[in-house]
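Protein chains in written order, with the working numbering: chain A, 1 to 312; chain B, 1 to 312.
Incorrect hints may appear among the rest.
[To be verified] A few chain B residues facing chain A, derived, Cβ under 7 Å:
no., residue
1, Ala-37
2, Phe-47
3, Ala-66
It should be emphasised that the hints constitute simulated quantities derived from the structure, not laboratory data.
Even glycine gets a Cβ: it sits at the ideal position worked out from N, Cα and C.
Protein chains: 2
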Amino acid sequence: LLAGAAAADDDMDYYMSVFEPLPALPPIPADNSLTAAKVELGKMLFFEPRLSASGVISCATCHNPALGWADRLPRGTGHEGQIGLRNTPTVLNSGFLPNQFWDGREPDLEGQALGPIQAPDEMAMDLEEALERIAEFDIYIEHFTRAFPEDETPISAENVAYALASFQRTLNTPNSPFDRFLRGDQGAMTEQQVRGMMAFADNGCVACHQGPALTDGLFHRFELPGPTDLGRFVVTGEEHDRYAFRTPTLRNVAVTYPYFHNGSIDTLHDAVNLMGEQMLGQEFDDDTLNDIVAFLHALTGEQPVVNIPALP
Amino acid sequence: LLAGAAAADDDMDYYMSVFEPLPALPPIPADNSLTAAKVELGKMLFFEPRLSASGVISCATCHNPALGWADRLPRGTGHEGQIGLRNTPTVLNSGFLPNQFWDGREPDLEGQALGPIQAPDEMAMDLEEALERIAEFDIYIEHFTRAFPEDETPISAENVAYALASFQRTLNTPNSPFDRFLRGDQGAMTEQQVRGMMAFADNGCVACHQGPALTDGLFHRFELPGPTDLGRFVVTGEEHDRYAFRTPTLRNVAVTYPYFHNGSIDTLHDAVNLMGEQMLGQEFDDDTLNDIVAFLHALTGEQPVVNIPALP
Ligand code: HEC
Ligand code: HEC
Ligand code: HEC
Ligand code: HEC
Ligand SMILES: [Ca+2]
Ligand SMILES: [Ca+2]
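So that you can see chain A by itself, here it is in the shape it has in the complex (with noise of 0.2 Å):
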């Protein structure tokens, strides 16, 4: 019995040292520190429907804090009703992500930014326009010279891209269930979720589901029902990347539903399943798969507090 109690807690060393939890903080590139003006000023950003041509679509349209800062609709829908190609991911924890998008196109937050606001599809809006809109309000002059205050113009896309990209390193979730149990609290997972978590390392999941945001930042192939899309090769033209996604953050996966990069599956026991047939060839018991999933929602960290900003 004390032997079967220390190969346990061997074993349970092992599964331990196999994850990381989350810092509070993503890693903050060198050229865009992150303060408390620009973390202030991306936070009105990011809420501005004037950033759109339409004037009511904002990142938080589609990124809404009300659903886990995503929109629980399988693709996003934008400009005029446009349904676009692609599930729209959740903000929060980007940070941690080693790239942006579901094909991986851009290699950090502020790279991301401008994107969506141009997107004939999302914010369908000229980015010049954008500037002038946001430059009539004296209240924008002061945030951006207040955030930039060595810049001479403060009002630029550049600005806009750093600004949103600090707010965003801001929406963490940490001290997750999971977060508490890598770090001692061996009550805060159930019974059921530490046996999920064990089968998430022993079948493979973990290698590419890896690090503290659980993404290797990778890309793997995977196809499915629904629009065809063709992943990473739109960006590299490589044949082996066809069909390739990033692997996405499993960080709030229980919030962020429905799944995978069109948004085609709607429950987490059936995307479980199809990564056991596509990823690992392997297909679950129901005990299993119902162990993972229940892991998979201690996942689930703490929600950042955001109010609402008055904007001018």
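Let chain A serve as the given structure and place chain B with the ligands on it in line with the hints.
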């Protein structure tokens, strides 16, 4: 000098008697008592984009808390980017209005609530389908049951309306500089604002903009450049109602630009000018105009702090 001060005091008594401060709560109808459970549910529904056909438009899209609970657009922009006929009024203090909509076609917030869900150019949603979507979530079943414990089928269109009305009755903005002034704090308004208040009363604005919300709830003929709108005529078919609109509240009017039923006027300055010309046949000099505008700024009250609800 003493006599002059006494006369001024009498004057002030007169002005103080013309106006009414905003109570903390509007009248509560006998058949819809204001309970915490209804308010909480109503808040969820107010932010719930699944009440729209597209799944991305909620009441908060157009009545955006970041934008004075309106949209700062000339006219409402809804389903598939369609632009409606009328300017989106703020829902702040809407419980104080004796009827709802620019044409007063609904008597109260209960009657009002189901309109925008179904309007083809707003949320374009089938009501039955909306209820079905909501009923899929255990958390909504719980909230409806808690809010309407005596109902056999708590999830009903009627109860959606009751809950939305209840939430909106909490969106009030007391303690504006004007209210504090009326309650005896003489320093709450600037001297210019006090002069503006007097001009507002002396020139007869208060004939229509009266009572706690500064509206008589009645319909007055008003023509504007821009799209033609028959106004109250659509409701009554009476000739004298052609182009007549309900006097809007002036509470928070500084933050609910642009102005008038079609949103064609951008500034308070121009709005007051037009009111003088059309409603009073009077042209104000610049000083009077500026005083009145300064007074209208004193009508901006404490904005409700609403944390974005976590939706299922
Ligand atoms: C119309 C819906 C919509 C709007 C508006 C929108 N997004 Fe997105 N967002 C998406 C979709 C869909 C994707 C995935 C696109 C892809 O992978 O090609 C995405 C991807 C992202 C990502 C990458 C996350 C990841 O896991 O790779 C970030 C970060 C992001 N958006 C932030 C923003 C910001 C900031 C704004 C506003 C400036 C914004 N979004 C506006 C729908 C939207
Ligand atoms: C070979 C790499 C790889 C392995 C192994 C892997 N995954 Fe994934 N996972 C991915 C990729 C890539 C996606 C995104 C696929 C897409 O949407 O196109 C994904 C998506 C998911 C999603 C949906 C996330 C979302 O937000 O849409 C879940 C849940 C998931 N994986 C769980 C698991 C589980 C559980 C296992 C083990 C049984 C596993 N994965 C094994 C790479 C992998
Ligand atoms: C697409 C934009 C849009 C959406 C979505 C929308 N509204 Fe409105 N709202 C308007 C417009 C425009 C009016 C004025 C319509 C009229 O007078 O005919 C209005 C009027 C109102 C009024 C009357 C205020 C007054 O001063 O008379 C209330 C209250 C209201 N809406 C609440 C809601 C609620 C509750 C919802 C969600 C169930 C909602 N609105 C959804 C644009 C919208
Ligand atoms: C005869 C009635 C009447 C009088 C007198 C009157 N108003 Fe109005 N007021 C209205 C009506 C009706 C509207 C809405 C008109 C429309 O949009 O069609 C309105 C609209 C306004 C608006 C725009 C509000 C908004 O949110 O769009 C302002 C500001 C305003 N009035 C201020 C004043 C001032 C200042 C005076 C005195 C100089 C005044 N009003 C006199 C009836 C009146
Ligand atoms: Ca998703
Ligand atoms: Ca307005």
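Status of each hint after checking the structure:
Against a cut-off of 7 Å between C-beta atoms, the interface hint on Ala-37(B) is violated, since the closest Cβ of chain A lies about 19 Å away. A cut of 7 Å between beta carbons decides the hint on Phe-47(B): the least distance to chain A is about 5 Å, and the hint holds. Interface hint status for Ala-66(B): upheld, as the beta-carbon distance to the closest one in chain A is roughly 5 Å, under 7 Å.
Hint compliance for this structure: hint 1 is the single one not met.
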